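Visitor: The lines below spell out each chain.
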Amino acid sequence: MGLIDSANPLSDKMIQVLDHEGNFVRPALAAKWDDKTLREIYENMVFLRMADQKLISLQRQGRSGSYPSIEGHEACQIGSSLAIKKTDWIFPAFRELAICYMQGMELEKIFLYWMGNEWGSNAAANVFPVSITVGGHPLHATGYAWALKLQKKPDITVSYFGDGATSTGDFYEAMNFAGVLKIPTIFFCQNNQWAISTPCSKQTAAKTLAQKALACGIPGIQVDGNDIFAVYAVMSEASERARKGLGATLIEAVTYRFGNHTTADDAKKYRPQKEVDAMRKFDPMLRLRLLLQKKNAWDEKFEKEVIARSEEKVRAAVEKAEGFPKPKPKEIFDYLYEKLTPALEEQKAYLLNHLKTYCSTP
Amino acid sequence: MALLTIAEALNQALLQEMTNDNRVMILGEDVGQDGGVFRITDGLLQKFGEERVADTPISESGIVGAAIGLAAAGMRPVAEIQFDGFVYPAFDQLICHAARMRNRSRGKYSCPIVVRFPYSGGVRALEHHSESMEVLYIHTPGLKVVCPSTPYDAKGLLIAAIRCPDPVIFMEPKRLYRSLKEDVPEESYEIPLGQARVMIEGTDATVIAWGSMVPIALKAQASFAKENVSLEIIDLRTLSPLDTETILNSVKKTGRCVVIQEGPRTCGLAAEISALIMEKALFDLKSPVERVTGFDVIPPLLQAEDFNIPDDKRLIAGIRKVLA
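Protein chains in written order, with my numbering: chain L, 1 to 362; chain D, 363 to 686.
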């Protein structure tokens with residue numbers, strides 16, 4: 001029996017493989033990653049956290065719009081990405097920088113989106129645009145995977161969302177559709193304990209979020225979302241099940257939001273700093289570093305190299321994103337429909353003429 | 363050619379599009395075995411199977427949300443929502459996602475879905491079964507809104523809607539489903555979206571109608587014809603994008619205009635048309651534009667619904683006002 005079949009989603013004994021001190025508690029479940037691979041994974045964590053922090057500082061400098069930090073979610077997103085294919089389709093909520101990058105989106109496109117340009121959602125990768133409204137997009141992943149099934153394609157879809165989304169009706173409707181139609185999709189919930197200021201205890205009286213799958217007849221499983229080995233193991237199995245025609249899985253990855261909800265928010269107003277400090281020891285990046293240290297695969301020199309390489313990649317991405325052409329006024333009209341409607345033609349002509357006559361904007 | 367009702371013409375359109383294009387599929391509540399509560403999808407499950415005619419859970423947001431994903435992946439989903447008043451749970455999907463997918467992704471994704479539902483009152487139904495809220499969809503950038511009033515147009519417009527690369531709200535006047543028959547060509551054809559139809563040419567005043575109000579406009583026209591008053595009757599057919607050219611050409615010719623609308627008065631499509639005429643044809647007008655509309659009330663239950671729905675008497679009074 002696999003992890004998912006034997007899981008009891010009512011219980012909050014989440015699947016863990018590597019504990020927070022870097023010791024394997026269920027070595028049989030651990031991916032056979034060699035040191036080189038582990039160092040690459042660690043480097044991605046460092047790099048994506050730096051990219052995340054960069055967006056926060058860009059916002060503070062007025063160079064980006066509001067941005068929701070992923071700090072703490074790296075194992076969820078990198079671990080789940082390693083368990084699926086680039087040909088699979090990702091449907092992100094907004095706190096998903098790492099999964100978008102891991103699935104092939106260029107970092108500069110991700111930056112461009114948060115800088116307030118729609119072209120940031122026009123990526124070559126199989127990644128859908130960010131969904132800002134909460135809970136609606138798991139349905140798109142479900143519909144997309146339904147089409148993949150009808151078209152007899154081998155790929156699957158994954159929607160990413162937080163604990164707050166599990167309170168929405170659309171989340172249930174998506175799982176219910178997926179259950180009835182046996183759709184090859186994965187619902188990946190990053191339970192980071194906080195939906196802006198609302199703690200999980202005010203989100204639901206249920207002991208786990210994973211159990212919400214039960215009512216839809218699909219399996220649910222709770223996993224330590226700060227443990228990249230556990231996330232990878234569970235995600236691999238969910239992905240295999242979906243590809244085999246066994247249908248959807250709800251994964252509740254338990255993690256923690258170290259940052260504010262977004263740059264527009266100050267979590268000190270509702271969340272005790274003590275709690276954040278206490279959670280630091282569960283940081284997914286720290287855990288992987290402790291493992292690397294035990295394996296003699298990490299030292300200060302390596303860390304410095306990683307930081308230097310990451311800084312350079314982040315710097316280049318900022319440069320590209322800031323160098324991207326600024327939107328032309330006509331663009332606000334041009335993508336509403338395949339062809340402009342007469343009313344939009346008129347409104348566009350009016351705006352362009354107005355700008356030409358009264359403003360210096362091109 | 364065969365004499366068909368609107369219901370039969372819609373069924374034929376679906377049958378032909380599903381035959382011609384295997385990406386076209388239907389999803390909704392009771393659309394399969396039952397053929398839909400108005401039988402618009404009757405027989406399609408038997409012909410195309412469960413994969414292409416999917417009975418879904420009672421889950422309007424689910425139906426529209428799944429359709430968005432299906433469409434992005436290359437299918438051409440036609441979603442049926444059972445009644446006008448049941449669309450609201452799907453508003454987040456329609457307004458926040460379907461209408462925006464193309465713009466949001468700068469054209470990488472599009473949303474070629476059709477969301478069909480019966481609308482309009484006058485069939486003595488329950489609450490939430492008699493609404494005419496087209497303006498909500500018209501007011502949403504990114505959606506197209508279609509509303510046929512005849513069997514011929516119903517078939518051609520539905521085929522055009524299914525082939526349209528953008529999301530289309532397709533509102534079917536439920537009290538006309540079986541109330542009139544018309545010759546409908548056997549072959550497949552499109553009525554282009556965005557084109558109104560001058561149903562009857564006239565010179566003294568223009569009456570603009572759509573969907574359920576069109577037969578009332580025609581009745582008024584026949585009545586005025588006896589008095590040698592010549593009314594021009596326009597059926598908008600597509601409500602968004604609006605065929606402003608046909609409207610303005612007509613009003614410039616007649617100098618008088620009445621817009622009849624079943625839905626609530628304030629900020630309705632009739633108000634938009636009045637503003638359009640004021641901006642672009644004011645000096646051609648011989649009298650102010652008159653609106654004959656439903657009131658700003660909750661659609662009353664069946665015993666009182668006729669007080670709200672505009673009828674030929676109210677329309678005739680409105681026309682007399684602009685002729686005076």
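Read the hints as simulated data drawn from the structure, not as lab findings. Please note: incorrect hints may appear among the correct ones.
Partial chain D-side listing against chain L, Cβ under 10 Å, derived [what the hints assert, rightly or not]: (1) T367; (2) D392; (3) T418; (4) S421; (5) G427; (6) K506; (7) L580; (8) K581.
Every value quoted in this text rests on a predicted model; they were computed, and no experiment measured them. Ideal Cβ placement from N, Cα and C applies to all residues, glycine included.
Visitor: Output the indices of the hints that this structure fails to meet, ascending.
Guide: Violated hints (numbers, rising): 1, 2, 7, 8; every other hint is consistent with the structure.
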